[in-house]
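1 is the number of the first residue of the sequence shown in the working numbering; add one for each residue after it.
Derived from the structure by calculation, the hints contain no laboratory data.
In silico DSS-like links for lysine-lysine, alpha-carbon gap of 30 Å or less: (1) K3 to K27; (2) K3 to K117; (3) K231 to K69; (4) K78 to K27; (5) K174 to K3; (6) K78 to K231; (7) K78 to K3; (8) K72 to K3; (9) K27 to K69; (10) K72 to K27; (11) K117 to K174; (12) K231 to K174; (13) K27 to K231; (14) K27 to K174; (15) K220 to K174; (16) K231 to K117; (17) K27 to K117; (18) K231 to K3; (19) K72 to K231.
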Amino acid sequence: MLKGLYKVEMYTVHGSRRGVIYAYDGKMMGGNSAFAFIGTYRESEGGEVSVDISTMRHNDDPSFQPLLKADKVTLSLKGRQQGEQYFFEGGTTQMPSIAFNSVMTPISEAAAPPAPKASEGGIRNGLYSIHIRMLDGIDGGNTGVMVLHDGRIRGGDAFFDYVGAYTSANGRWKGELVNHEHTPSQGERPVFGGYEVGIGFSGTYTDEGAVAEATALVGKRSIRFSAVLRKLAEA
Numbered sequence: 001m002l003k004g005l006y007k008v009e010m011y012t013v014h015g016s017r018r019g020v021i022y023a024y025d026g027k028m029m030g031g032n033s034a035f036a037f038i039g040t041y042r043e044s045e046g047g048e049v050s051v052d053i054s055t056m057r058h059n060d061d062p063s064f065q066p067l068l069k070a071d072k073v074t075l076s077l078k079g080r081q082q083g084e085q086y087f088f089e090g091g092t093t094q095m096p097s098i099a100f101n102s103v104m105t106p107i108s109e110a111a112a113p114p115a116p117k118a119s120e121g122g123i124r125n126g127l128y129s130i131h132i133r134m135l136d137g138i139d140g141g142n143t144g145v146m147v148l149h150d151g152r153i154r155g156g157d158a159f160f161d162y163v164g165a166y167t168s169a170n171g172r173w174k175g176e177l178v179n180h181e182h183t184p185s186q187g188e189r190p191v192f193g194g195y196e197v198g199i200g201f202s203g204t205y206t207d208e209g210a211v212a213e214a215t216a217l218v219g220k221r222s223i224r225f226s227a228v229l230r231k232l233a234e235a
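Sequences and hints are given; from them, build the entire structure.
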């Protein structure tokens, strides 16, 4: 059964990209440092998986170019499980001559803290973009996506994934997560690269998004950063 957090690798004649996808209850949400993925999937009795998924840009940095040369596309894909992985192929009616292939590889969620029992009035379930800025004079930052779903945190980008849990009430939220490198960043993300990083955070939220300050334990270093979340879609 297709369920959980996956690394997704995508290929066309224009090149390749990576990101993360969280699949649950027929929904798919994920993305990377510049684009979000929002869609649905259906599993047949014969084992075929049908996916309809759209992309949208959440980071205006022009250095991040879309794989299909357009920020907004809708893909129709068919695929099957082979071993632990899922292999898909298909395309978009917007560019019918371009074939699209992808591979989804499961990411372990064993390190995730247990999700608390959901409560009314907390931060809304959904797909959020996350923009991180280092504090205390440390240069650097990152962007990615985060799915908040009934106390669970699942997300990441082209190099990292994160799994965690949160509580929220009365406009405030807090939680913890583990940041893991699913693909070697080769120095492109020097602060967290090569480490499995435990992070604790707290902040505030509205219907449109959230902010938080966090502390990450990177090796023997304790690093503070701020994060801004913007809601992209309801979950």
